[in-house]
Structures are given as C-alpha cells and as structure tokens.
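*Asks:* Residue-level listing of the chains:
There are 2 protein chains.
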Amino acid sequence: MPYDPSAFPPFAVTVDLVVLTVRRHALCALAVRRGEPPFQGRWALPGGFVRDDEDLSQAAARELAEETGLRAHGPAAPDQDNGAHLEQLATYGDPKRDPRMRVVSVAHLALAPDLPAPRAGGDASNARWAPVEELLQQGGYGRDGEPVAPLAFDHAQILADGVERARSKIEYSSLATAFCPTEFTVGELRRVYEAVWGVALDPRNFHRKVTGTPGFLVPTGGTTTRQGGRPAQLFRAGGATLLNPPMLRPEV
Amino acid sequence: MPYDPSAFPPFAVTVDLVVLTVRRHALCALAVRRGEPPFQGRWALPGGFVRDDEDLSQAAARELAEETGLRAHGPAAPDQDNGAHLEQLATYGDPKRDPRMRVVSVAHLALAPDLPAPRAGGDASNARWAPVEELLQQGGYGRDGEPVAPLAFDHAQILADGVERARSKIEYSSLATAFCPTEFTVGELRRVYEAVWGVALDPRNFHRKVTGTPGFLVPTGGTTTRQGGRPAQLFRAGGATLLNPPMLRPEV
DNA sequence: GATCATAGTCGTCTTCCTGACGATAAACAC
DNA sequence: GTGTTTATCGTCAGGAAGACGACTATGATC
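Line by line, the protein sequences give chains A and B. Residue numbering for the first sequence follows the UniProt record's numbering, beginning at 1 and increasing consecutively. Residue numbering for the second sequence follows the UniProt record's numbering, beginning at 1 and increasing consecutively.
Please note: incorrect hints may appear among the correct ones.
Since the list gives no way to pick out one identical chain from another, each pair is judged satisfied if it fits inside one copy or across any two copies.
Once the Cα atoms are required to be at most 20 Å apart in a straight line, the calculated SDA-like pairs of lysine to any residue come out as [to be verified]:
| hint | residue 1 | residue 2 |
| --- | --- | --- |
| 1 | Lys96 | Asn244 |
| 2 | Lys96 | Leu248 |
| 3 | Lys209 | Gly187 |
| 4 | Lys209 | Val186 |
| 5 | Lys96 | Ser57 |
| 6 | Lys169 | Glu194 |
| 7 | Lys96 | Glu54 |
| 8 | Lys96 | Pro203 |
| 9 | Lys96 | Arg51 |
| 10 | Lys209 | Gln233 |
| 11 | Lys169 | Gly48 |
| 12 | Lys169 | Pro181 |
| 13 | Lys169 | Pro75 |
| 14 | Lys169 | Gly215 |
Hints were generated in silico from the structure; no laboratory data involved.
Build out the structure end to end from the sequences listed, making use of the hints.
*Replies:* Below, the structure written as structure tokens:
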C-alpha cells in the first residue's frame with residue numbers, strides 16, 4: 001500500500017471504548033489504569049490502535065474481546081448469543097488531544113450485561129467497573145474519600161457522550177435488553193431503565209408498556225423469584241429493535 | 001510533533017460532507033465531479049484531507065465554506081446567521097474503501113437553506129445539487145435518460161446514512177428549520193418535512209402541532225404571500241432545539 | 001402457621017395528543 | 001364576481017400515558 005507521506009499529514013487512528021453495564025442499580029463503565037505516560041497511573045477508557053488491515057468495527061470488537069472477553073454484535077444483529085451490543089459513537093480528533101502526536105480516536109459504545117468481571121491482560125487491579133457518575137465528577141472525591149483524578153485525555157467527554165447516547169437510545173429502541181442476561185424479568189428491565197436514567201419508574205405503567213409493545217418481549221414460560229417477592233415471568237428480547245411509540249423518559 | 005512511524009500504521013484522515021437542502025420539493029445533496037483517479041469523472045461527496053493543525057469540525061467547516069460559501073454553526077448554536085447546520089455523522093474506515101491507501105473518513109452532515117448555488121472552485125459544471133433519490137439509485141437512469149453511475153468510493157453509503165440521520169432527527173428536534181431561510185411560513189416548513197420524509201402531511205394538524213409547541217416558532221409579525229393563496233404569518237426559529245413530544249412521521 | 005414485607009400483575013380513570021376532516025379567511029387569476 | 005389556492009381555526013373520536021387502587025404469590029419473621 002504505497003503512499004506519498006508529503007501529500008497528507010499522517011495520523012494515528014485508535015478506537016476507544018465506552019463499555020457500559022448496570023451493576024447494583026448503577027450505570028457503570030469499564031475503566032483501565034494507564035501503565036505508561038502520558039497520564040500514567042490515571043484511569044482511562046480501554047482502547048488501542050487500529051491495525052493496518054482492520055475495519056473500525058473490527059478493531060473495536062477486538063479491543064472489547066481483549067478487555068472483557070465479550071463477543072460483539074452490531075446494531076442490526078439480534079441478541080442471540082451472550083455478546084454485547086457494539087456501535088460506533090463518534091470520532092474525536094482535536095490536534096492536542098494526545099500530547100505525543102496527532103491521534104484521531106473513533107469511539108465506540110458497548111452495552112453489556114453485568115456478568116463479566118473485568119480483565120485487563122489478566123491484571124484485575126488495572127481494570128474496574130466504576131459508576132459513571134464517579135468517573136465523570138471532575139476533581140471530586142470518590143466513595144472511599146480518595147480524591148478522584150479526571151479520566152485521561154478527553155475520555156471524560158467521550159464517556160459523557162456515550163452515556164448520553166445510551167440514555168437517549170433506550171427511549172426509542174429495545175437496546176435496554178442488551179444490559180440484561182438472555183432471560184430476564186420485567187422488573188429487571190425496569191431497574192435497567194431506572195439505573196441508566198437515574199429516575200424511578202412506576203412498575204405498573206412500565207409493565208403495561210413493555211408487555212404491550214409487540215415484538216419487544218417474548219415470554220419464555222419460566223418464572224423466577226431471584227428478586228424476592230412474587231415469582232416473575234421470564235422474558236427474552238423480541239425481534240423488534242425500534243420502540244414505537246417510544247418509552248418516555250420522565251421530565252425532571 | 002515527533003512520532004515513531006513503526007509504532008502504529010499511518011492513516012490519511014479526510015472529512016466528507018453530506019450537504020442537504022430542499023429544492024423544488026425534493027431533498028437534494030451536493031455532489032462534485034471527481035477530476036482525477038480513482039473514480040475520475042464520477043460524482044462524489046465533497047471533502048478533503050484534514051490538515052495537521054485542524055480539529056475535525058474545523059476541517060468540515062472549511063470544506064463546507066470552500067464548496068458552498070456557507071458558514072457553519074454547530075448543533076448547539078442557534079440559527080442566528082444565515083449559516084448551515086453542521087454536525088458529525090459517522091466515520092468510515094474500511095481498509096479497502098480507497099484503493100490508493102488507508103483512508104479514514106469522518107463524514108459530516110450539513111443542512112442548508114435553498115439559496116446558495118454550488119461552486120466547486122468556481123467551476124459550476126463540476127458541482128451540482130442532485131436529488132438524493134437520483135444519487136442513491138445504483139445503475140439506474142436519471143431524469144434525462146442518461147445512465148447514472150453510482151457515487152465514488154463508499155459515498156452512496158455515507159449519503160444514505162446522512163439522509164437517514166436527517167430524516168430521523170427532524171422528528172424530535174427543530175432541525176428542519178435549518179432548511180428554511182431566516183423567516184419562513186408554516187407551509188414552507190411543512191414542505192420541508194414533506195420533502196425530507198417523502199410523504200404528505202395534513203396542513204391543519206401540522207399547523208396545530210408546530211404553533212402549539214412552545215419555543216419552536218417565534219412569529220416575526222410579518223406576512224407573505226410568496227406561496228400564493230392567503231397571506232401566511234412569518235416565523236423565525238425559536239430557541240427550542242428538542243421537540244417534545246416529537247413530530248410523528250407517518251407509517252407507510 | 002399467622003403475619004409481614006416484597007415484588008409482580010391487572011384495572012380504572014383522567015388527561016393529553018394525534019389523525020381525520022369540516023369550515024372559514026384572504027389573497028390572486030380570470 | 002367566481003374559482004382556485006393556501007392559511008388557519010374548530011370539532012370529534014381513538015390511543016397512550018400518568019396516577020394510583022387492588023390483588024397475588026413468594027420468602028422472612030415471630
């Protein structure tokens with residue numbers, strides 16, 4: 001693949017990942033600790049260089065597998081396996097976003113169920129699920145009272161954009177099911193919405209809405225009591241990807 | 001800005017523009033004729049290399065100004081001047097999308113009122129507004145009976161994605177006003193929706209909807225009869241950017 | 001084992017929004 | 001004036017959502 005380097009400025013192209021999940025009623029993102037400068041020791045989004053023969057989505061899927069072990073499927077594919085939803089988010093190319101050189105980062109958004117434990121090259125201390133609220137508060141203090149350093153590079157902005165994308169997209173699509181295991185209850189799905197939006201939803205109206213939307217949920221016949229209380233029906237994600245009319249996010 | 005070329009594969013980064021407008025009741029996109037290989041003589045989306053000191057949005061705004069003379073304003077800025085709306089669309093990086101070398105293109109979407117005549121370096125024959133329907137039909141025949149060559153590179157895909165973005169975004173935002181001049185009537189705005197969606201809307205329900213949504217339209221006090229018939233009130237775009245509840249796109 | 005707490009599920013009622021469509025208003029062409 | 005075109009207001013029925021009451025089926029507690 002010959003080219004004339006004088007004809008255009010050379011760029012490094014990376015993919016960065018906003019991997020979201022819901023743990024303990026909170027929206028969490030995967031963060032990895034940087035092992036080398038710049039921003040050594042700081043938390044950052046997982047990511048890496050795009051290889052010479054890779055498409056952008058391939059690179060993102062590869063990084064996702066390396067960091068979490070999750071297989072990815074695109075926005076169009078159904079939620080058959082236990083993989084994560086993966087889609088392109090946006091591209092960030094400020095000339096000064098990386099002090100070393102000109103780097104353009106194609107950010108991707110991944111939504112995963114709670115199950116997997118993070119693994120960054122097998123070193124658990126260098127990867128963690130952190131509440132997005134905690135990752136986004138600049139210069140504040142975490143739950144343990146330790147001062148919180150902001151994310152490396154422009155990753156706070158990328159994370160914020162990814163969270164906003166997720167928040168708006170579960171309104172009009174069935175994407176919230178990507179946060180759930182293969183089989184789940186209406187209540188578990190509702191808790192996903194509540195965690196992502198940070199609001200409380202009326203269980204009765206929510207139940208009516210999701211069970212009344214054709215193609216959204218398919219009953220599996222089983223029930224579970226894992227949430228306590230009366231046994232709940234188990235559902236699988238249906239074929240519908242678009243919700244019409246959408247799920248309404250409460251105002252304030 | 002030193003870097004080690006062996007540490008990562010070098011990429012060329014370009015911006016491509018999907019510039020949409022509404023002319024004669026049809027959604028049209030700006031196309032330029034390629035003057036050199038590959039795809040010499042074929043129509044393509046305007047675009048170019050990102051410069052070494054430019055942000056991506058700056059590069060897109062520069063290309064837009066070069067091709068159309070339009071000033072751009074971002075998604076957040078109000079529609080004060082006569083500029084065009086400009087936002088990032090998506091990034092395309094298939095390893096084989098450009099036969100010469102590895103090129104990653106950050107596509108942007110611009111929405112402009114009808115006014116400007118295209119100018120590609122002053123040569124009008126090398127730039128034109130074409131109905132998107134015509135640009136997207138692969139291997140068909142245009143209105144003049146001439147065979148239509150598909151757009152260069154993956155630009156048909158990019159254009160299709162841009163059109164889809166515009167179609168969905170005018171549902172829940174006030175973005176349709178970006179297709180209108182500073183002052184416009186309800187009927188003109190309705191014709192924008194009809195052209196972008198390719199459907200007919202009920203004038204009475206549309207009028208009730210847009211005038212009843214707070215912050216969407218601000219009456220200027222003037223009237224016009226430029227559409228014929230009874231004089232219509234003139235409006236300016238209001239401060240509201242999000243439409244809640246959204247404008248509903250008819251099914252079928 | 002009765003009681004309680006918890007979560008799930010079904011209904012009702014009111015309100016808001018939309019789609020369908022009738023009716024009137026104000027310009028222009030002839 | 002008559003007809004045509006576009007704008008604007010009004011009415012009505014149907015659907016969806018928010019608020020909330022009521023009942024059900026578990027496990028936990030006394």
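*Asks:* Each hint needs a verdict: does it hold in this structure or not?
*Replies:* Status of each hint after checking the structure:
| no. | hint | verdict |
| --- | --- | --- |
| 1 | Lys96 with Asn244 | neither (42 Å within a copy, 37 Å between copies) |
| 2 | Lys96 with Leu248 | neither (39 Å within a copy, 42 Å between copies) |
| 3 | Lys209 with Gly187 | within (12 Å within a copy, 35 Å between copies) |
| 4 | Lys209 with Val186 | within (10 Å within a copy, 34 Å between copies) |
| 5 | Lys96 with Ser57 | between (25 Å within a copy, 14 Å between copies) |
| 6 | Lys169 with Glu194 | within (14 Å within a copy, 25 Å between copies) |
| 7 | Lys96 with Glu54 | between (25 Å within a copy, 10 Å between copies) |
| 8 | Lys96 with Pro203 | neither (47 Å within a copy, 50 Å between copies) |
| 9 | Lys96 with Arg51 | between (22 Å within a copy, 13 Å between copies) |
| 10 | Lys209 with Gln233 | within (15 Å within a copy, 40 Å between copies) |
| 11 | Lys169 with Gly48 | neither (26 Å within a copy, 32 Å between copies) |
| 12 | Lys169 with Pro181 | within (19 Å within a copy, 31 Å between copies) |
| 13 | Lys169 with Pro75 | both (11 Å within a copy, 18 Å between copies) |
| 14 | Lys169 with Gly215 | within (17 Å within a copy, 24 Å between copies) |
Hint check: violations occur at hints 1, 2, 8 and 11; the rest are consistent with the structure.
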